[in-house]
Amino acid sequence: MIALIGRLSVPTALLVYALLFHFNVRDLPPAAGLLPELMIALLASLLVWDIIDEALQWRRRSRPPWRNEGRALWELFRDHGYRPAGIIVLTAIWLFVGMALLGFYVATTLFIVVALLVLGERRAWLIGLLTIVAMGITYATFTTALNLRLPTGMFL
Amino acid sequence: MIPFESIQLGAELLFTPTNMFYVLLGLLAGFVVGVLPGFGGANAAAVALPFTIGISIEGALLLMVGIYAGASFGGSIPAILLNVPGTAGAAATAIDGYPMTQMGKAELAIGVARMASTFGGTVAVLAVLVIITPMSQLAQTFGLRELFVVAMIGLALIAGVVGGENFKKGLISATLGLLVSMMSGSPITAHERWTLGFPQLYEGVPFIPALIGLFAYTQMFVLARQESFFEKAEELGAEGLPILERRGWRGSVSELWDGVRTTLSFPGHLVRGTALGTFIGAIPGVGAIVANFMSYGTAQRTSKHPERFGKGSPEGVIASETADNAVAAGTLVPTLTLGIPGSATAAVMLAAFWLHGIRPGPPIISEHTDVVYAVLLGLLVASLLILPLGIALGSVLAQITRVRPRFIVVFTLLLATVGAFGYRNSFFDVGLAFVFGVVGYAMRYGGYPIVPLVLALVLGPLAEQSLIRALSIGQFELLYLFESGTTQVLWVIFALVLVYLSISSRRARQGRGGGLLASPRARVTEQDEAAGRQGA
Chain A
1 MIALIGRLSV PTALLVYALL FHFNVRDLPP AAGLLPELMI ALLASLLVWD
51 IIDEALQWRR RSRPPWRNEG RALWELFRDH GYRPAGIIVL TAIWLFVGMA
101 LLGFYVATTL FIVVALLVLG ERRAWLIGLL TIVAMGITYA TFTTALNLRL
151 PTGMFL
Chain B
1001 MIPFESIQLG AELLFTPTNM FYVLLGLLAG FVVGVLPGFG GANAAAVALP
1051 FTIGISIEGA LLLMVGIYAG ASFGGSIPAI LLNVPGTAGA AATAIDGYPM
1101 TQMGKAELAI GVARMASTFG GTVAVLAVLV IITPMSQLAQ TFGLRELFVV
1151 AMIGLALIAG VVGGENFKKG LISATLGLLV SMMSGSPITA HERWTLGFPQ
1201 LYEGVPFIPA LIGLFAYTQM FVLARQESFF EKAEELGAEG LPILERRGWR
1251 GSVSELWDGV RTTLSFPGHL VRGTALGTFI GAIPGVGAIV ANFMSYGTAQ
1301 RTSKHPERFG KGSPEGVIAS ETADNAVAAG TLVPTLTLGI PGSATAAVML
1351 AAFWLHGIRP GPPIISEHTD VVYAVLLGLL VASLLILPLG IALGSVLAQI
1401 TRVRPRFIVV FTLLLATVGA FGYRNSFFDV GLAFVFGVVG YAMRYGGYPI
1451 VPLVLALVLG PLAEQSLIRA LSIGQFELLY LFESGTTQVL WVIFALVLVY
1501 LSISSRRARQ GRGGGLLASP RARVTEQDEA AGRQGA
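In the order they appear, the protein sequences are chains A and B. Counting in the working numbering, the first sequence runs from 1 upward without gaps. Counting in the working numbering, the second sequence runs from 1001 upward without gaps.
Keep in mind the hints are simulated off the structure, nothing from the lab. Where hints are given, some of them may not hold.
[To be verified] Computed footprint of chain A on chain B, listed as stretches where at least three residues anywhere in the stretch have a Cβ under 8 Å from a Cβ of chain A:
| # | stretch |
| --- | --- |
| 1 | 1172-1182 |
| 2 | 1406-1412 |
| 3 | 1418-1425 |
| 4 | 1444-1454 |
Glycine included, each C-beta is placed from N, C-alpha and C at the ideal position.
Next up, chain B with everything else stripped away, as it sits in the complex:
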């Protein structure tokens, strides 16, 4: 069942000095952007995207997976030291990580996070290596109409989960993304559809400038309002950045051992967190926040000491961080098998495929086996490297949060602008990135999530081509879309997803739970209340 030949092909491609350099570079960049609250892996991957034009496809993707893995771990450092999650996924880590810091156990908390991240990332990739080929074979049985429905299910999930309490705003964002993706020539009849007279739009809205605008520009406009990355920590009463001890190599080995021993003494949390992270990551759009909180909640329910959760229990950090890095591997399953991005960073990876002339979708594994397996093995190597690099760079990374946001803003805007230009040597792309940046900023101001818009932009052409071609096969009879057994099952799933998300969103707004859609704040409150009840 284990595809040794494919793994060997991937390993041959990965283990070259150049490609290993890209993994390492991505990992280091991911660490840095992960510790900066509000920057995140997707923004970094979007800024890095134009830089990959001059390098090979596997090099580009390995850089992205390095960023993904690095940012997943990096986000835990400010969460533990300052109670400010560097990435959204690290919110659950802060619940126990920050109390550990207050108890003088910051090094142990980071050591545990590092080991749990390594375990989650590594085991999840091993699982994905085994399941991805059968999943791909299943995906290849999907026809055009099935692909269309799967894309719609993915978009609905993304709109619901990212939109949170306001499913309607998530849907608006996703629908807008689909509409914008149709500002092009029709893929079937070649009719022009409101391209505003720009010939550059005739083949569709180019992803790269759009992603740069929606991620990098928008986030920098938001960060420009901040004087310091500490603002939230100061509001929450943090006294300042704790100084991590520099203990020489003997101290580092001892620190490594402490983290490994503590983490491995909770094998149940490790296995459950990895399984939950991989499974939830494979559902398009659901992502790290949900996986981490579900893993945290499960760990609390199964722990021998649930009363210690929220008060500095290493078990909470283990559960959250294991799931966080396992999600990265899980998101690659729909991304590589169906061409449907599992997360915002995966959407940027899909754009990298397009950039290098590869159309993502079901045949990708059979046509580009070596690249797909090199990417998975690259994520495995990146996860393993978190352990030594995290020790070597732990105290340096903690200092990065001291950098003033203004320097990050100016430098990122410069790189994003030059990157957008470098894509096709065109000022049109720079203007387009800027327009998307302003649109993204306005949408955030209006409370509309950006991620569904981004994923819809990526999925739009796939969904439209699948629908129109399926309809033309069925002589433009709408019933054709419901005729096969698989399609009927998928339509039922789509309807159930919509109903579930609508009800959950309504319940979340009314403060009555909300399942997947409960806000992180509500989840924390629920965890606190549960811990209080159990403690009492």
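Okay, chain A solo, but in the shape it has when bound:
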């Protein structure tokens, strides 16, 4: 069941997106709303077809014996490497929020240290060196060479 939910989650989310789009453009005149409505109809049809196809494929396959679905989800997350991917997504969110709040230097330092640690790097000297090198290269490229502004927050 977890596998089926996993397979259907993406097309279902896209279908919800298409329907929400439809409710937001349905009252527009044809010159503004015709093409979006055509695309929504096409996308929704393809997604419904895809959802039915995925469900039928899942039904046709021999299903494994019943087991704890929560445990199965955790095993999928752990064994297929989704844990580091999930954590790196969270650190990327931090980089975005952190830069807005604390500025480039503090947010980047924390991002590099935490991301390298969760991805399995244990050599403190290497983490320190890479932090300095990465920040130096970014600063040199953006501020010195391209004359662009680095994000600033409460501190810098």
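Fit chain B to the known structure of chain A by using the hints.
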């Protein structure tokens, strides 16, 4: 027929120290990202895009073509040494390149790949230099309705070829891209269309953060799961990275000569590979994988020793690599003449045009002749530079695959985030890049290809404006879209493309061939079987 004046204008723009520096920089960056399996030229170009804000349009585009040419050759190095193609296009190179390495001929295989890449890239650019002006003149005869149909044909091809066995998922990705591109104010009536209250979206979804998200963020989320770039090689039984000999300048000259002599002893494969690569590259979305495997298959059929293919034949490497670099030149034809990107990297190049205020499309060659020809000549120079730089950096590039993916992930995420911010000094763009990154990752998890989404995002505004303006000319009568002779021919081509892709996709799923849509694995199996049959 050869447009010497235009070439001269392009040469004057290209041969300045600054612009040559951008070509060289792009080429070196392309080498590095090419040898890293799973990174690729399009990702590198997307990360580099915000860095080009502060430089000239020709500088930005020359950086991109350098990356394109460099990545095309760089991808062959891990394919030959580890049986892991650095780029999708190098998959055909691995079929014979890796057996050559197992036979102790790694240096020769890389030398042949280097010479074949140089030949393919150079001759293809020369061909494109001659044909691009007539192609542009033809494109300028296209009206709005023709442009709309051509965009639809391009998108259908991209959805079909990239979607492979699952054409439906490719179509979903392309349609989603078109829909997302319409989250803006209407270009005709200015009505707001679900911009979620963000004024930044009113002029359309900005390409740069979207491309950074879909390429750089998505790929880094995927790479974060990998402990090593060797994982696939280890699964396939590779024993480790072979050490390339460092032989001094005399050895390098001898190595260069070996590669050149072996490659030039198969002129038929060189010419056919270049012609196929240029032609297939010019068809939007079809790209390097198809061209390389078609060139490989043709070389095998025409070879005097087809039984040696798949067992370490230099002919296989020549055929694949010639087509691979010729594709880069071919993709520039629809990109520059119609504003329809021929590949993912070409889509990033189109975004660079928009970034610098130039709207790509049929008039671009007459309005920006110098820039267009400088870009083509830049690709020519980059292709020629592959030969000396490939020799100087061959063993260093091979070592780059030893770098742990985690360092690449962290550094690329940092550059992508700062790059997305630097585009307009806006945290909104960083958030948008992140959202697109998560969407891209989810789509890859669900088996939906990302490239059609990217190309649809780029093509969406062009397609919509062409359609609505054409309809308003025709008093909103749908029949107007079918009235001209050219449009009727184009609609027929569109229908044939859809039918062909649907049938091919179905056949590919059932394991009965599938033409352009057969998966690389199926192609390799077919090649092996063919070689086995001929050997027997």
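Quiz item: Taking a Cβ-to-Cβ distance below 8 Å as contact, does the stretch 1172-1182 of chain B have at least three residues touching chain A?
Solution: It holds, with 6 qualifying residues against the three required.
Quiz item: Taking a Cβ-Cβ distance under 8 Å as contact, does the stretch 1444-1454 of chain B have three or more residues in contact with chain A?
Solution: holds (count 3)
Practice problem: Check, residue by residue, whether the stretch 1406-1412 of chain B contains three or more positions whose beta-carbon lies closer than 8 Å to a beta-carbon of chain A, and give the verdict. | Solution: holds (count 5)
Exercise. Apply the coverage criterion to the stretch 1418-1425 of chain B and chain A: a residue qualifies when its Cβ sits closer than 8 Å to a Cβ of the chain, and three qualifying residues are needed.
Key: holds (count 4)
The structure agrees with every numbered hint stated previously.
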